[in-house]
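Colleague: Sequence:
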Amino acid sequence: NLNPNGPDYVSTTGFSNLIPNASELQPKQDEYTLSLEHELMPNFGLRVNGIYSGGRNDFRLQNTYRPYSAFNIPITNLDPGPDGRLNTADDTGQAFTYYEYSRLVQGARFNETRLINDDRNTAFKSIEVAGTKRLSNNWQFEGSYSGTWKHINNVAVLPNDDPNADFNTSDHNLEWIAKLSGSYTFPYGLLASALYESRSGDVWARTVLFSGGTTIPTLVLNVEPIGSRQYDTISHLDVRVEKRFRMLNTHELAVRANVYNILNANTVTAVTVRSGATFGRPTAILPARLAEFSASYKF
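So in the numbering used here, the last spot in the sequence shown is 1454, and the numbers never skip.
No lab work stands behind these hints: they were computed from the structure. The beta carbon of each residue, even a glycine, is placed where N, CA and C say it ideally should be. Don't take each hint at face value.
[Claimed, not checked] Simulated restraints on C-beta separations: (1) Phe1296 <-> Pro1318: 16 to 24 Å; (2) Ser1224 <-> Pro1162: 17 to 25 Å; (3) Ile1174 <-> Ala1311: 15 to 23 Å; (4) Val1394 <-> Asn1292: 17 to 25 Å; (5) Glu1283 <-> Asn1323: 27 to 35 Å; (6) Phe1296 <-> Pro1372: 56 to 64 Å; (7) Thr1340 <-> Leu1195: 22 to 30 Å; (8) Arg1436 <-> Val1312: 45 to 53 Å; (9) Leu1157 <-> Glu1283: 54 to 62 Å; (10) Phe1400 <-> Ser1208: 44 to 52 Å.
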């Protein structure tokens, strides 16, 4: 039944009949930074940064005909485990309940959305420690580490205002990145440099496609908190060699070669997260070794 107000109607994608909200508040974000930098010895300095960022009044999308309280019909399913099939060895035995709404408010005519504010705050706490050896005696070096503790209530950009939208969608995890870089200037205008970077893999959660409802016949939910699973640490080494030529007194020609991911690391960066026959199958890896050659002329 293709009638948008008929019994087969499920949902509409995107905004639908958006109306203003007189009580809507502007989202706000406060950020506080404390930084200390000090030279410990000639040409070597240490820097420590701390950042706190807090947000409030984030937006959610509410259907005025189907507010949070309208989702009051429970639908319960068992978790089929990673293989997506019930009654197999990997079943977790855990039951999950989501909620649908009454047929009395089913259909496109009951779509009237507005922006409302989330009464929960978000926060990010970051710290960075870095040491720098300034260029002297033909070489320089820098090493740094930074970490951010995330407190995000819902990872969606504009989540719906219903109980299903908050189903294991918070992110309370640490992400970090460490870098080492340096360069050395050889005689005859030859420069060599390298950058080693290592960062935490993204966090994720297994999902399941549940079914059994009437007004919400199927629904994909996270069956574990975000951060229950995490991709491997991503590490790569990039190098550069550059040769400069003086020409016509004030002119300079530079030729360079960059090699990215010189160790050709093939770390998995994404997999199929939905339970089923392809669960856990890699869908993306770190780009392979790449060489780049370029030249510039200054005059």
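Colleague: Note whether the CB distance of Phe1400 and Ser1208 lies within 44 to 52 Å or breaks it.
Modeller: 47 Å Cβ-Cβ, so the 44 to 52 Å window holds.
Colleague: Is it true that Ser1224 and Pro1162 lie within 17 to 25 Å of each other by Cβ?
Modeller: holds (23 Å)
Colleague: Using the beta carbons of Ile1174 and Ala1311, state whether their distance is inside 15 to 23 Å or not.
Modeller: holds (21 Å)
Colleague: May I ask you to test the hint 22 to 30 Å on the CB atoms belonging to Thr1340 and Leu1195?
Modeller: With Cβ atoms ~24 Å apart, the hint holds.
Colleague: Assuming the hint says 27 to 35 Å, is it satisfied by the Cβ distance from Glu1283 to Asn1323 or not?
Modeller: holds (30 Å)
Colleague: Should the hint that Arg1436 and Val1312 are 45 to 53 Å apart at their CB atoms be regarded as holding?
Modeller: Given about 27 Å between the Cβ atoms, the range is violated.
Colleague: Honestly, do Phe1296 and Pro1372 meet the 56 to 64 Å range at C-beta?
Modeller: holds (60 Å)
Colleague: Is it true that Leu1157 and Glu1283 lie within 54 to 62 Å of each other by Cβ?
Modeller: holds (56 Å)
Colleague: Would you say the C-beta atoms of Val1394 and Asn1292 sit inside 17 to 25 Å of each other?
Modeller: Taking Cβ atoms as reference, Val1394 and Asn1292 lie about 21 Å apart, which means the hint holds.
Colleague: So does Phe1296 sit 16 to 24 Å from Pro1318, Cβ to Cβ?
Modeller: violated (53 Å)
The structure fails to meet hints 1 and 8 from the earlier list, while all remaining hints are met.
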